[in-house]
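So the sequence shown is residues 1 to 140, counted in this note's numbering.
Hints listed in this document are in silico derivations from the structure and should not be mistaken for laboratory results.
Note that the Cβ used here is the ideal one computed from N, Cα and C, for glycine as well.
Fair warning: there could be bad hints in the mix.
Unchecked claim - Across the chosen pairs, the derived CB separations fall in these ranges: (1) L124 / S55: 13 to 21 Å; (2) I50 / A26: 18 to 26 Å; (3) F15 / Q106: 25 to 33 Å; (4) Y18 / S46: 17 to 25 Å; (5) A43 / F15: 24 to 32 Å.
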Amino acid sequence: MKSSYVVLLKENDVFWRYVGAFGFAALAMTTVAALGFFLSVFAENSIGPIVATMSVIIFFTILSTMNIPIFNLVKPYLFTTHMIGWKEFFDIQVTDTNEAIVGSIQYPERIINSALVLFIHIILFVAAAIVVFRKKDVLS
């Protein structure tokens, strides 16, 4: 059980974890920016895409945290489910005596999976925005 012990990180094991977590958070925020970029293609003013982006994030976050069986099918595909993947950088492997294994991550495949999902969302949002923008009549 995770909460049955406290793991202290060694001084030489902290910096790379913070760099990885900040990099992952930057990827998550790039996904939000890509969503805002996509929604801005449909708007005439600047406040609309901002409100719409925040509304989508709040709605998807609520869906991600609710434990309703019908939503469990959708959760793996929501980018908000994967935006918290930065926390995995601090989930460290321990020995049988609960001592931290320096340089280890408990589930690195979760980080990779979440990063791939976020990259796919970025590509889809930007590609869709480009397609919609090219079809728009920007002269009128």
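Hint by hint, here is what the structure shows:
1. L124 / S55: 13 to 21 Å: Given range 13 to 21 Å: holds, Cβ gap about 19 Å.
2. I50 / A26: 18 to 26 Å: 20 Å, holds
3. F15 / Q106: 25 to 33 Å: The hinted range 25 to 33 Å is violated for F15 and Q106, with Cβ atoms some 19 Å apart.
4. Y18 / S46: 17 to 25 Å: 33 Å, violated
5. A43 / F15: 24 to 32 Å: Between A43 and F15, where Cβ atoms are some 41 Å apart, the hint is violated.
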